[in-house]
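Asks: Chains H and L are the protein sequences, given in the same order. Everything in the first sequence is counted per the numbering used here, starting at 1 for the first residue and increasing by one. Everything in the second sequence is counted per the numbering used here, starting at 1001 for the first residue and increasing by one.
Hint data in this document are derived by calculation from the structure and do not stem from the laboratory. Some hints could be false.
Said to hold, decoys possible - Interface residues of chain L toward chain H, partial, derived using beta-carbon atoms under 10 Å: (1) Ala1072; (2) Asp1127; (3) Arg1160; (4) Arg1207; (5) Val1310; (6) Gln1319; (7) Ala1419.
Keep in mind the model is a prediction, meaning the values are calculated, not measured. Glycine included, each C-beta is placed from N, C-alpha and C at the ideal position.
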Amino acid sequence: MTVAPDPSSVASDLQWVREESPTWDADKVRVIGGAPEGAFVLPFSDGEQLPGDWFSARDAGGAVVGYGRLDTTWGGDAEILLAVDPGHQEAGVGSFVLERLEAEAAARDINYIHNRIRDHAQRDVVHDWLVVRGFRGPVDGDLRKRVGAGGRRPRPEARPASSAASGTPDGRGPGHEEQGGYVDVEEHQY
Amino acid sequence: MTTVDDPRTGAAPEPTGPVSTIDYDERIPNNVNLAGDRRLQRALEGWQPKFLDWWKTLGPALPTEDVYLRTAIAVGRDGWAHFEHVPMEEYRWGIFLAEQNPDRQIAFGKHKGEPAWQEVPGEHRADLMRLIVIQGDTEPASVEQQRILGNTAPSIYDLRNLFQVNVEEGRHLWAMVYLLHAYFGREGRDEAEQLLKRNSGDLDAPRILGAFNEETTDWLQFFMFTYFTDRDGKYQLGTLKESAFDPLARTCEFMLKEEAHHMFVGTTGVQRVVERTAEVMKAKGGEATFEDGVIPLDVVQKYLNFQFSVSMDLFGSEQSTNAGNYYSSGLKGRWQETRRKDDHVLLDDEREMNYVEDGQIRQKTVPMLSALNLDLRDEYVADCANGVRRWNQELEDAGLTERLFLPHEGFNRKVGAYASHHVSPEGEVIDDAAWEAGVGGWLPSEEDRRAVAALMVPVYTYGEFAPWIAPPKTGINDQPVEFDYVHLAEEGMA
Ligand SMILES: [Fe+2]
Ligand SMILES: [Fe+2]
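Make a model of the complete structure from these sequences and hints.
Replies: Okay, structure coming up:
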């Protein structure tokens, strides 16, 4: 990440654009590739499709000034990536991207996002930047932030006033599921 | 462990297969020789009262004297359970890992063929800890969500099954906390504390996933949750069971043995609901309604649609860089990794995936490594279809032509390729207006939930069942269905 702490003046004329079919293109090379060495490891080649949910921050003229990515795996494991164009530092782009990424996560019913800062020259600066914005965690581990408070799905209002002996011919253990037994996953019947 | 001959507790069969016995003389039952590591033992004994506090505050709300519960007394290949009536707060939550195979090798990824890890490699520490924390967060969440369900149990048999699932989800929390304490130092201990501090529905510190923050208000929802969402957890456990980090793999392998009964509870719970509804439909020669005292089939379908779609979201986006990294580094395999007939490295493999473009569902080819969330989700969907077949058998047996079905994978999705599109249960991409017009027929409305809730009148007489659900075919551990599985406390019966 290449963003530095900036005043609360989040750029208000920025647009947030979802990339339907994200690819490794010239804009990404400029913005993400412009980060300090070692900040990102994204071994993609030109035109390659990118996994994850990608979004760009664009200025009034439509030029890309920053990127955000949300990578989600099982159970709400949601990692963010954000990058700001080297020519647009300290203009609130990073804060804008982060705010929008938080909203994207919340819209997916995810309550926490995380980020890990790779070891590079500006690691401490980036760590401070994230801590100021509510992340908690060590500089060399996961930084986590609660997002989307109050954005919960509305709750439904309605309120209500052995067993087969061991060594059975099929080789299943004592009990079986219907008897409440412990059963190896290979033998699950339900 | 003593073998009790009390006829009420049922004869425990002799264990078979290699057996590593569990030490029940310890404060924390375990088969990991906890007594041999004083520091770890003390740390976990320090966590134990916090867990018990959590159980008393956020565990089952219905006051009970004791419950006929199983505990593991050995983790041999075939497993071995002991059943007896125990006060729930005295349940012996413990640490049970499946047998160790000293020759176990890593089955996939860039470390394929190397010996499995008995310690956490520094480079994978943060990722492994995150995977364990996320797994650990879901386990107690469902207990919190189901806290008030006992108040409306359709039978004592079902009440017992609810509590069995609850105590074991509590044990699964123990399983993850053990790993955090034993392998992740101070940070791990901090995370273990957090697992009790984040609570379902807590606005400041909720559970990690939104889906685990909603109260389970009725038993149809509970059965659907256990069928679809607990199964979802089972599939994640299946990937962690393949992990190169051997203590995690062995932990998850034993958890999967416990899950068998949870899956049974969900599958047969819904099946018994359908059986009862089908019976009424057959007798009437037409639709069954709430006035008949049962849950109408279309409402069952709506509950199914809801729980299936939110469970699909749990898998994350179809494509993920992290999922590929977890695999390549050996942290997390695929479902039944060792049975897959490929190179288990997947660098050159591809697969098809669906996406939406111009109002159409299209297919594209993507690198396999980027699509492992989807790979797992597909396995899960195939398994989900088995239960639906079982439920439909009840309809067929009643001579009815109506059928239940799994909605399309794109239906009601908030995560992944379908997230910004509306898709009907049949798989048609539709616009906002069509969605608004149809959603009342696809997802449970407030009114549906209220009507289901109105049927939820507790039945605490042994052997009797609420009229909206059929009795099971057999009882637990060879006991009759009318067995006194739960003794309610005086105040619970009022
Ligand atoms: Fe579990
Ligand atoms: Fe479970």
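Asks: Would the hint on Val1310/L stand, with a C-beta cut-off of 10 Å toward chain H?
Replies: For Val1310/L, the interface hint holds, since the closest Cβ of chain H sits about 8 Å away, which is under 10 Å.
Asks: Would the stated hint for Ala1072/L survive a check requiring a Cβ distance to chain H of less than 10 Å?
Replies: Holds. Min distance 6 Å.
Asks: Measuring from the C-beta of Arg1207/L to each C-beta in chain H, is the shortest one below 10 Å?
Replies: holds, 7 Å
Asks: Min Cβ distance, Ala1419/L to chain H: is it shorter than 10 Å?
Replies: For Ala1419/L, the interface hint holds, since the closest Cβ of chain H sits about 7 Å away, which is under 10 Å.
Asks: Can we keep the Asp1127/L interface hint, with Cβ of chain H closer than 10 Å?
Replies: Hint on Asp1127/L: holds, closest Cβ of chain H at ~9 Å, below 10 Å.
Asks: Please check whether Gln1319/L passes as an interface residue: C-beta within 10 Å of a C-beta belonging to chain H.
Replies: holds, 4 Å
Asks: May I ask you to test the interface hint for Arg1160/L with respect to chain H, counting a Cβ-Cβ separation under 10 Å as satisfied?
Replies: holds, 9 Å
Every hint from the earlier list agrees with this structure, and none is contradicted.
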